[in-house]
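Chemist: Sequence:
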Amino acid sequence: MITPLTFRKLLSCLPLVGLTLLSSGCGSFGKDKQTDFLKQFGPVGPQNAEAYSQPMPSEYTLCVETAKTVANQGHAVEAIKLYERAEFLKPTAPALDSNLAPLYASTGNHSAAIERYQRCAEQSPQDVELCNNFAWTLMEAGQFTEAVAEATRGLQLDGDNARLQGTLAMIHYRQGDHLKALRGFEKAHGPVAAHHNLSLLEIDSGNLESAKAHLKIANQATESNPKAKVLLTALETQTSTR
Numbered sequence: 001m002i003t004p005l006t007f008r009k010l011l012s013c014l015p016l017v018g019l020t021l022l023s024s025g026c027g028s029f030g031k032d033k034q035t036d037f038l039k040q041f042g043p044v045g046p047q048n049a050e051a052y053s054q055p056m057p058s059e060y061t062l063c064v065e066t067a068k069t070v071a072n073q074g075h076a077v078e079a080i081k082l083y084e085r086a087e088f089l090k091p092t093a094p095a096l097d098s099n100l101a102p103l104y105a106s107t108g109n110h111s112a113a114i115e116r117y118q119r120c121a122e123q124s125p126q127d128v129e130l131c132n133n134f135a136w137t138l139m140e141a142g143q144f145t146e147a148v149a150e151a152t153r154g155l156q157l158d159g160d161n162a163r164l165q166g167t168l169a170m171i172h173y174r175q176g177d178h179l180k181a182l183r184g185f186e187k188a189h190g191p192v193a194a195h196h197n198l199s200l201l202e203i204d205s206g207n208l209e210s211a212k213a214h215l216k217i218a219n220q221a222t223e224s225n226p227k228a229k230v231l232l233t234a235l236e237t238q239t240s241t242r
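So for the sequence shown, the working numbering puts the first residue at 1; every next one is plus one.
Treat the hints with caution; some may be incorrect.
[As the list claims (entries may be wrong)] When the alpha-carbon atoms are kept at most 25 Å apart in a straight line, the in silico SDA-like pairs for lysine to any residue are as follows: (1) K180 <-> S210; (2) K90 <-> Q123; (3) K90 <-> T69; (4) K227 <-> H178; (5) K68 <-> G108; (6) K90 <-> E115; (7) K68 <-> K90; (8) K180 <-> V148; (9) K187 <-> E146; (10) K187 <-> L232; (11) K180 <-> G159; (12) K90 <-> Q118; (13) K187 <-> G142; (14) K90 <-> S111; (15) K187 <-> R153; (16) K227 <-> G206; (17) K180 <-> V192; (18) K68 <-> P91; (19) K216 <-> H189; (20) K216 <-> R174; (21) K180 <-> E129.
[Stated by the list, open to error] Ranges of calculated distance between the beta carbons of each label pair, as one might list FRET restraints: (22) Q126 <-> A213: 36 to 46 Å; (23) R153 <-> G206: 25 to 35 Å; (24) T152 <-> E115: 20 to 30 Å; (25) D127 <-> G74: 23 to 33 Å; (26) P91 <-> Q126: 21 to 31 Å; (27) G74 <-> R153: 27 to 37 Å; (28) S111 <-> K90: 16 to 26 Å; (29) A221 <-> S58: 50 to 60 Å; (30) T237 <-> Q126: 42 to 52 Å; (31) D204 <-> Q73: 22 to 32 Å; (32) Q118 <-> A162: 17 to 27 Å.
Treat the hints as calculated values from the structure; they're not laboratory data.
C-beta: ideal position from N, C-alpha, C; glycine also.
Construct all of the structure, not just a fragment, from the sequences and the given hints.
Modeler: Structural data, given as structure tokens:
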């Protein structure tokens with residue numbers, strides 16, 4: 001039987017948006033024997049011997065640069081520890097808020113992420129991408145009123161930003177206002193994609209009949225939507241076998 005989980009694997013939903021603990025500082029990461037995602041900082045081989053005359057980067061720099069590499073490889077927990085270590089090593093340096101905020105959010109530490117995003121917003125109030133990410137994190141934390149306010153603030157800066165429109169629609173959906181969610185998705189991606197997105201959200205929530213209704217509307221449009229047709233067929237097959 002096809003389940004809601006199966007449907008979530010069929011299609012991506014919206015164009016929205018650890019390893020071992022540190023024990024001896026950032027230098028220990030160069031000796032990691034279990035992973036190969038870290039590269040040596042210096043060149044290897046006698047032909048590059050003159051490169052060794054260059055001064056070694058500070059431990060702060062090593063932490064920051066290694067954290068970037070680790071984060072790019074998807075290891076958020078370890079990257080957080082490296083950035084936090086860097087801040088500890090050089091407290092007079094600018095805080096690494098823009099680096100840590102999305103990492104905290106990705107690990108579910110919403111309170112820490114919100115605190116960092118707030119500081120980022122104070123420093124860069126015109127950054128629309130920051131508004132989007134901050135609003136999404138507030139939504140994930142269940143702070144819907146604040147999330148709407150932040151997304152709205154971003155749309156005042158860039159009223160045609162599709163990501164922000166989609167994020168605001170998602171916040172409305174999480175609040176239970178599906179009509180506002182539909183209108184928001186229509187602004188962001190058009191009516192067909194709006195119904196398709198809502199159908200996926202409804203499947204994820206277990207509301208299969210509502211999902212079918214949205215897919216039927218999407219399939220009545222003149223523009224082709226093969227994904228919606230496949231999904232509707234699968235839904236109808238599942239519900240007919242119950």
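Chemist: Against the 25 Å threshold, does the CA-CA distance of K90 and T69 hold or violate the hint?
Modeler: holds (20 Å)
Chemist: Holds or violated: are the alpha carbons of K180 and S210 at most 25 Å from each other?
Modeler: holds (16 Å)
Chemist: Do A221 and S58 keep their Cβ atoms within the hinted range of 50 to 60 Å?
Modeler: Check passed, 59 Å falls within 50 to 60 Å.
Chemist: What's the verdict on K68 and P91, does the C-alpha distance respect the 25 Å limit or exceed it?
Modeler: Holds: K68 and P91 sit about 19 Å apart, inside 25 Å.
Chemist: Is the Cα-Cα distance between K227 and G206 25 Å or less?
Modeler: Holds. K227 to G206 sits at ~19 Å (cutoff 25 Å).
Chemist: Measure nothing beyond the straight line between the CA atoms of K68 and K90; if it is 25 Å or shorter, mark the hint as holding.
Modeler: Since the Cα atoms of K68 and K90 sit roughly 17 Å apart, the hinted pair holds (cutoff 25 Å).
Chemist: Take the C-alpha atoms of K180 and V192, compute the straight-line distance between them, and say whether it is at most 25 Å.
Modeler: holds (16 Å)
Chemist: Is it true that the CA of K90 sits at most 25 Å from the CA of E115?
Modeler: Roughly 20 Å separates the two Cα atoms, so the pair holds.
Chemist: Is K187 within 25 Å of G142, Cα to Cα?
Modeler: The hint holds at about 24 Å.
Chemist: Regarding the pair K180 and G159, is the alpha-carbon distance no greater than 25 Å?
Modeler: holds (16 Å)
Chemist: Using the Cβ atoms, figure out if D204 sits within 22 to 32 Å of Q73.
Modeler: holds (28 Å)
Chemist: May I ask you to test the hint 16 to 26 Å on the CB atoms belonging to S111 and K90?
Modeler: holds (24 Å)
The structure meets every hint from the earlier list without exception.
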